[in-house]
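**Q** Each chain, written out:
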Amino acid sequence: MELDEIDLQLLKELQRDCSRSASSFVDQIGLSQPAIWRRIKRFYEEGIISGKRLVLDTEKVGFSVTVFVGIKLARKGQIRVEDFEQAVTAIPEVQTVEHVLGVYDYRIRIVARDISDFERILRRRIMTLPGAGEIEANVLLSEEKRQGPL
Amino acid sequence: MKKNSLSDLDSRILRIYQSDPDIQMAKLASTAGTTPAVLSRRLVRLRQNGQILAKEAIINWRLLGYKVEVSLRVTLDKTHHMAFDNFMSEARKIVEVIEIQTFLGKVDVRLLLIAKDMDDYQRVYRERILHLPHILEIEPLMHISRVRNSEVLPV
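Sequences listed follow chains A and B, in order. Start counting the first sequence at 10; every next residue gets the next number (the working numbering). Start counting the second sequence at 8; every next residue gets the next number (the working numbering).
Bear in mind the hints are in silico, worked out from the structure with no lab data behind them. Certain hints may be false.
25 Å max Cα-Cα, derived BS3-like pairs, lysine-lysine [claimed, not checked]:
| id | chain 1 | residue 1 | chain 2 | residue 2 |
| --- | --- | --- | --- | --- |
| 1 | A | 154 | B | 74 |
| 2 | B | 74 | A | 61 |
| 3 | A | 61 | B | 113 |
| 4 | B | 85 | A | 21 |
| 5 | A | 61 | B | 34 |
| 6 | A | 69 | B | 123 |
| 7 | A | 61 | A | 50 |
| 8 | A | 21 | B | 34 |
| 9 | B | 123 | B | 74 |
| 10 | B | 100 | A | 154 |
| 11 | A | 69 | B | 62 |
| 12 | B | 34 | B | 74 |
| 13 | A | 69 | A | 50 |
| 14 | B | 85 | A | 61 |
| 15 | A | 81 | B | 34 |
| 16 | B | 74 | A | 21 |
| 17 | B | 85 | B | 62 |
| 18 | A | 154 | B | 34 |
| 19 | A | 154 | A | 69 |
| 20 | A | 50 | B | 100 |
| 21 | A | 154 | B | 62 |
Chain B side only, calculated, beta carbon under 8 Å to chain A, not exhaustive [as the list claims (entries may be wrong)]:
| id | residue |
| --- | --- |
| 22 | 13 |
| 23 | 140 |
| 24 | 157 |
Every residue, glycine too, gets a C-beta built ideally from N, C-alpha and C.
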């Protein structure tokens, strides 16, 4: 994937705010509006930008607790990974499910209204997942997304 | 209205808008059961209250050649009172670190690291990560796949 300096600069800006129009970059970048528009269009067409995300303030929309839960699948008996994955993705409070290699098999991100809401989710939904073995929970205190190597 | 609570209409708007950030405003209004004028006022208020923060483009790092993704779970030496601050400010200087999270629990900090391949990962790990201050223990989790990735909030 060939990207020049201008592409990288555009990507950095769009990573922060992708609602900006091509014309808003004209002064900053020094290219014409159509030239910028073509570059942005290419990012979406080639999948360099794979999607958009509406960023909400988790706390201000009512979710004061975010917890990452590491889950090890129980090794006893037959466990179908598909059953586990299907069940875990059906829980609305589960935002992300990552299959990992290391001390845990899955790493999931859960949002809850408060600690007692989290306890309810953990007991009723997470601990009862088919095949779930050892569980570790870490409460998120702060989070920073960085720009990455652009 | 309580500061951190949303009206039913706000919740509907955010639910639809989160799942389709590209939706046309007219369609968002009709799907949420309101008029474009009311919708636009609500969105202005949600932004002013800091409930909507931004709309970001998601970069496909894999397509840009970063094929390896590793979570590094770090335990810090908390006997040093500046351990967190020192560690975080040094970690921010590593461009391959795309997420920094701090926790209450068994793990103190998690870094999400991307690299081009295993050699590149080894290089960043040895030359940068291992030099970060106040580390007691590092535990890597190699990402295999994302089963679900919607940072959509169930508002």
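**Q** So, for every hint listed, does it hold in this structure?
**A** Status of the hints after comparison with the structure:
Restraint check for residue 154(A) and residue 74(B): the C-alpha separation of about 19 Å stays at or below 25 Å, so the hint holds. For the hint pairing residue 74(B) with residue 61(A), the CA-to-CA distance comes to about 21 Å; that is within 25 Å, so the pair holds. The hinted pair formed by residue 61(A) and residue 113(B) fails the criterion: a straight-line CA distance of about 33 Å is larger than 25 Å. Under the criterion of a C-alpha separation no larger than 25 Å, the hint pairing residue 85(B) with residue 21(A) is inconsistent with the structure, at around 35 Å.
Between the alpha carbons of residue 61(A) and residue 34(B) the distance comes to roughly 18 Å, so the proposed pair stays at or under 25 Å and holds. Taking the CA atoms of residue 69(A) and residue 123(B), the gap is about 37 Å. The hint is violated against a cut of 25 Å. For the suggested pair residue 61(A) and residue 50(A), the alpha carbons sit about 14 Å apart, so the restraint of at most 25 Å is met. With a CA separation close to 29 Å, the supplied pair residue 21(A) and residue 34(B) exceeds the 25 Å bound.
For the hint pairing residue 123(B) with residue 74(B), the CA-to-CA distance comes to about 5 Å; that is within 25 Å, so the pair holds. Taking the CA atoms of residue 100(B) and residue 154(A), the gap is about 13 Å. The hint holds against a cut of 25 Å. Only pairs whose Cα atoms come within 25 Å are accepted, and residue 69(A) paired with residue 62(B) is accepted, the gap being roughly 17 Å. For the suggested pair residue 34(B) and residue 74(B), the alpha carbons sit about 37 Å apart, so the restraint of at most 25 Å is broken.
Taking the CA atoms of residue 69(A) and residue 50(A), the gap is near 33 Å; set against the 25 Å cutoff, the hint is violated. Taking the CA atoms of residue 85(B) and residue 61(A), the gap is near 38 Å; set against the 25 Å cutoff, the hint is violated. Distance hint between residue 81(A) and residue 34(B) is unfulfilled; the C-alpha atoms sit about 43 Å from each other, more than 25 Å. The suggested pairing of residue 74(B) with residue 21(A) holds, with an alpha-carbon distance near 20 Å, which does not exceed 25 Å.
Using a Cα cut-off of 25 Å, the hinted pair residue 85(B) and residue 62(B) is violated, with the two alpha carbons roughly 36 Å apart. A C-alpha spacing of about 31 Å is found between residue 154(A) and residue 34(B), which places the hinted pair above 25 Å, so the restraint is violated. Of the pairs offered as hints, the one joining residue 154(A) and residue 69(A) holds, with about 18 Å between alpha carbons and a cut-off of 25 Å not exceeded. At roughly 31 Å between alpha-carbon atoms, residue 50(A) and residue 100(B) are farther apart than 25 Å, so this suggested pair is violated.
Pair hint residue 154(A) plus residue 62(B) holds up; C-alpha atoms about 14 Å apart against a cutoff of 25 Å. Because the closest C-beta pair between residue 13(B) and chain A is about 6 Å apart, less than 8 Å, the hint holds. Because the smallest distance between the Cβ of residue 140(B) and any Cβ of chain A comes to about 18 Å, over 8 Å, the interface hint for this residue is violated. Interface restraint check: residue 157(B) against chain A, minimum CB-CB distance 6 Å, threshold 8 Å, status holds.
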